[in-house]
Each structure stands twice: as C-alpha cells, then as structure tokens.
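Novice: Letter by letter, the chains look like this.
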Amino acid sequence: MKRTLLYIIALVLTIAAMGQTLNVKVGNVTYLFPSTQTGEMTYANGETVTIMGKTFSLSDIDEMTVDNASVTDNLVDIAYNASGSATVTVAGNVAQYVTPTISGNHVSIAQTNTDAIDKDEITYQLSGTTTDGEFALDGSYKCTVSLAGVTLTNPSGPAINISNKKRIQISAKNGTVNTLTDGADANESWKACLYSKGQIQLQGKGSLTVNGNTKHAIKSGDYITVKNLTLNLKSTSGDGISCNKYFVMNSGNVTISGVGDDGIQCDFEDDDTVTGETTDHEDENSGNVYIQGGTLNISTTAAGSKGVKAAGTLFINEASTTTIITVTNSGGVDASVSSDLVASACLKADKAIDISGGTLTLTNSGQGGRAINTDGTLTISGGNIDAQTQGSNYGSSNQGGGGFPGGWGGGGNSSSSNHKYAKGVKADGDITIKGGTINIYSKNHEGLESKGTITISDGQVYVQASDDAINTASHLTVSGGYVCGYSTGNDGLDSNGNMYIKGGLVYAICSGSPEVGLDANTEGGYKLYLTGGTIIAIGGIENGSSLSQSCYSANSWNKNTWYALTIGNDTFAFKTPSSGGNGIVVSGASQPTLKSGVTVSSGNSIFSGMGYTDASISDGTAVSLSSYSGGSSFGPGGGGGGFPGGWH
Amino acid sequence: MALVGALNVQAEEYAYLTFETTDGEKASVAVSSLTLTISGNTLTAGSQTFTLSNLSKMYFSNTDETTAIEEITTATLDEAADIYDLQGHKVTKDQMKRGVYIVKTKSRTYKMIVK
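For the record, the sequence lines run as chains C and B. Heads up: the first sequence at position 185 corresponds to 185 in the numbering used here, and the numbers run straight through without jumps. Heads up: the second sequence at position 59 corresponds to 59 in the numbering used here, and the numbers run straight through without jumps.
Source of the hints: derived by calculation from the structure; they are not laboratory data. Certain hints may be false.
[Unchecked claim] In silico DSS-like cross-links for lysine-lysine, where the CA-CA straight-line distance does not exceed 30 Å: (1) B:K57 <-> C:K25; (2) B:K57 <-> C:K54; (3) B:K26 <-> C:K54; (4) B:K111 <-> C:K25; (5) B:K90 <-> C:K25.
Quantities reported herein were computed from a predicted structural model and do not represent experimental measurements.
Working from the sequences, and respecting the hints, build out all of it.
Specialist: So, in structure tokens, the structure goes:
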C-alpha cells in the first residue's frame, strides 16, 4: 500500500512537471509562457503587457489562460490546416524574438536577435497539410526548421522561403513523410521551392520530397550539406539542388529525377573570395562538391545537363559508409548558343575530379554526352567505376588527327565549336589513376581521353571504345596496375606524345591495320618506350618503338578464343576479340609462353570478364612466338635485353 | 523516491496569479483553470476585475498576496473617486445597478457587488 501511494505521488508530480503555462492568444498565434519563467509581467498605460520580453498590445490579445500545457523551449510550432488557417504556437523563451504573420496558411515569421539563446537556436516545427500555404522566415540568425509530417504547397511562391543569410538546419523528423511543392511561374519570380539565402543543412531520418515547378527544387545562396535524410527531388525547369561555395553529402539517400537542368550544381559565391578546400570548410568558397557517403541516384534529360556539376573540384570518397552513385543522362548537347556547344555529362567539374572510393554507375545516352568530364585534372585512386556513353557524336569534325582513317578521326579537337564527341571519360588536364576498378565503354568515340598526360600506376582499367580506347594529347605512362584498351575502330592505347610502359599489365586491342594496339606519335617525333611490365598487343605496336624489354610476336591469332600468357609462374588468361588487327605482340619480364584455346578453371576476373590474373588453365595449344624488335610489322629481329617488371 | 524528489524540484507550481496596481495594491487570483479576458479597459481574471490602466504588473505566486482589492458587499461610496463597470465604463453612483463594479478611492480599490 505504501509503495502504491508512492507511485501515485510520483505520477501526480510527473503530471505537474508537465508545466503550468500562461497562454496568450493573439489571433491564430498562441504564446506559451511557463509560469516558472515569466517573473514579473508588466503593464504599461493600460495599453501593453510585456511578458518575458515580449510586448503585447492589450487590444490584440484575445484571451489569456493558465493551464498545464507543456512547453518546449525554443520551439515555434506551425500547424497547417487543410480546411482553415494555420496556427502558430510560440515558446515563451523565444517569444520576444518572433513575430508571426498569418494569412490563411501563409505563415511569415520575422525573427530578430537571438543572441541570448543562440547556442540552442529557435526550432520552427512544421506539420499539417495545405494546398495554399507557405513558410517564410526573415531574420539574421541560425535556426532549425523541423519537418514533422508536413505537406505544404504554395501555388504562388516557394513553399519554404528563408531570407536569413545564416545556417539553417532543415531536419525531417524520424519516420515522418514531408512534401514541399511550389507553383509554376513563367517569370521565375522565385528561385526554388525550398529556398534559403544562407547555408542549408539537410538532415533527419525522415523523408522529404521537393517538387520544384518554377526553377530549382532546393536552392541556397551558400553551402548545402546532406546527412541521413531521404530526399526526393524534382524540378521541372531548374536543378535538383543548386548552391554556392560548396556541397557536402555525408550520408542519406538522395534521388533526383525529372529536373529541367542539373541534378546537383555548385557554383562560387560571387561576392566572396574564391578559396580552395579549407579546414572544416571554414569560410570556404571553393565551388567543390564532396560526396563522401550515402546513396545518390540522379537522372537528367535536359540538353547540356550534368548529373553533378562543380565549379571547383568534385571529390568522391568513402568515409565510414558505402557511397553509391548512379547517374543517367540522356540530355545531349545544348546547342542554344551555336558557338558555345555544351556537352552533357553524368559528372562534371570545372577544376578537377578526384575519386577515391564509392561505387559509381554512370550512363550517358545523349548525343555528344560524356560519363565523366572535367576541364581540369582527373585523379582516381579507388572505387568501382562503370562509365558508359552510348550516344552518337554531335556535329562534324574538321580537325581529325593526323590523317589516320577510321572512327571519328582520332585526336579530333573536341573543344571545336561545331561538334561534341560522345567520349566516355574526358579530362582537359592530366589523368592520374592510382587505384580502383574502372570500366569504360564508349559506343561512338574515345573511351578515356586526356588533353594532357595519362599516368596509370595501379588499379584495373578496362576501356572499350569505337575510337581510341585510351587517348592522350601528350604522354602516356603505365607503371603498374592492369590496363586494357580495346578499340573497335582505332588504336587500343594512343599517345600523341611518348608512351612509357614501365610496369603493370597492358592488354591492347586495335581495330585493324593501319591501327595498332599501342600507338605513340612517331610522326611527331615521339615513340613508345617499353622498359618493363607485361604487354599483349593485338594488332601490334607502333613502329620505331624503343624496346628495352624483349618482345615476341605471332602473325595470327584466333578470334573469340581464350589464350594464356605465362611468364615465370604467373599466367594471365585473356580472351581475344571478335575482330582486331593483324598479329600479336607480347612481352614480359622474362620470355613468355603463349597458348591458344585454353580452358580457364580459376583466377581473378578482370577487364569486364576478358581476362584472368593468376589463372589456372588446361588444354590449349602452344603458339609459336618469334622475337620482335619493331620496325616492319611482325618481322624477326633481336629483342632488347630483359627488364624486370611483371604485372604485380 | 529519488525520481519523485527530482520532479518535485522541477515541478514548481504556483497557486496564484497576483496582480499589482499602480498604487501598489495587490490581488491574487487562484490559477486553477484560470481564464483572463480583456474587454475595453477591463481585465477579468476569474472573479476579479481590474482596470487595465491601473495595472502595473502581474506574476505567479505561491501565496495569496491580496492587499487591497477586496470583494465587499456593503460599503459607503462617500470616498469613491471613480467607479467603473466591468466593461470599463465610468459610471456615477446613481447609475449603479445590480452587478459588479470597481470602486477606486484615494487609498484603496474595491471590487463592489451591488445586490
């Protein structure tokens, strides 16, 4: 009995702890002042009463009541009403900073100085449904907008419009479903369905769908970050996400489709000094995009559109979670300015692209489109990348490279104003590959192209293309890793400078004479330098090469057949293509043996199934190899001295 | 029991809402289910009525701090300086009918019920 009594007392006190609250009702706004916080509430001249710093005109007050309503400090609750007007409830401790204006379900809040509570900041919590409402906030301090199951449509403006040029957290409460929709305005009188002049931190374990019908779905005049949130974005004429300074995706699931422009676009803030990446992104205005976790699905269809576009550098790396990025683009070329054609791309960065992790599936089916495109450098050190371009080339070329027939005139200048080639991966700067698994397919042009150098030191690179599989305007160096360049219309690997093969394993396939598997720019005074590694070149190698490592050749090979190249104890099995150049040249750290028609029972599959390292084989017929020293194709000649290397 | 004690500390609850007039007089109103309404120049809190222009402050209190505004049923009106009805209208002694009035004198303010 005594214990029961204690429980009863505890219950009573618990209920009492819920609060004793003075409610001040002004129209559809109710201010909740906990009795423990009010102190003296002062009247002045029979005209006003001031409670916790909030001054009310007495003539505006509809009613004051005292009840046991609980009050959450810092909270401003906005409940939209499908059949009436929105109601707003303001916690007493922030009442003095908040002035709501309500017209139907259009709620506008003016927020003044919140220095006194700035560490906790105000939370605006939105719930309910309306087909004609909005949430507008004007102030100059940080705050949180908590989405607690709100369906908010504004046919005449943005659903959420925040003028604060401060950090705004927009958080979807755990388990809630939230939808924002704006109206269609041909004059683009507003920038986005969800707009903030300041930084936006999108987070929470609920879901948020944003339907932009005038311009962007989400727009910030500053940076945007995404964490945890399930975000679904549509925007009929703008970007899914548009921001300045930088963009960070840490985790969550973001799906962007039905957009009129880019999936995610990050620009510089014109009014601030441009920076690179800074510590903790402090005062950063880099134009960088950082994708370091979560799942990102983007589909774009607009001409010239980009799945992800960074004015600075696009970083894709993996922190503690798996990053999955899927981008499809069918937009084709934006030819609205005929002298400035804009190619579409799944990923595009003006400065650089740096990929060190994640699983990327990139498909561009648009005319002249690219899977990856950067005006600067491309560095890949990890991740699994599947990049495909399936579109045709746009326009015509009058700058074909060097009179080599076949394909689209290898080496044509893709920056020419009258055409855009549908390349798989293209960088105007140097390409450096230090790791990762990269599969590139280009149906109608080059697969992997750099206007600078290409350097591969590790990783697996498989490129299949109708033009040069791998092409560089300058030097190409392979010192490690596994590289396969398979061209159905030109060279396997084509360097317009020198080509250095120092290590690794290179499997090169050309389309047929006069193309070759490994092609350096002999005509320009450059050559292939082979000093190490393992090579298999179907269609041979460039005449006049410098072969410090012995090479061997066979004059013929069988199509669609598994071969095994054994050097010492290492066997690499490879499948020949259905067509290709005449003859085959091989080389390794020691004299190799070659067998045709083998059966592969085990090994590590690479090159999209066209090769096995550490292969176990059976059957097969030995292929007679002759020493090859360059010069006339496949003629006998003394090889250079052996050079240690191998592909490991 | 510790929990009960902890909640007891946090659950500070007041029994009264005390009003203070510009002349320093106080009147406390029980807060249980209390509703305050404003009409014209009058604020009504439960059974108490105040002239807004005479109010200086209000606050929650644990005790009844009433000092001046009293509910009386019999009194002379000789000292009355001002008399207001519940709508805040100023009335004369002759205009007083059955009802509640606020009677202000030089030293006190009364709530008077005319029966």
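Novice: Now tell me, hint by hint, if it's right for this structure.
Specialist: Hint check:
1. Taking the CA atoms of B:K57 and C:K25, the gap is near 19 Å; set against the 30 Å cutoff, the hint holds.
2. Taking the CA atoms of B:K57 and C:K54, the gap is about 14 Å. The hint holds against a cut of 30 Å.
3. Under the criterion of a C-alpha separation no larger than 30 Å, the hint pairing B:K26 with C:K54 is consistent with the structure, at around 23 Å.
4. Between B:K111 and C:K25, the direct Cα distance comes to roughly 27 Å. Compliance with the 30 Å bound is thereby established for this hinted pair.
5. With a CA separation close to 28 Å, the supplied pair B:K90 and C:K25 stays within the 30 Å bound.
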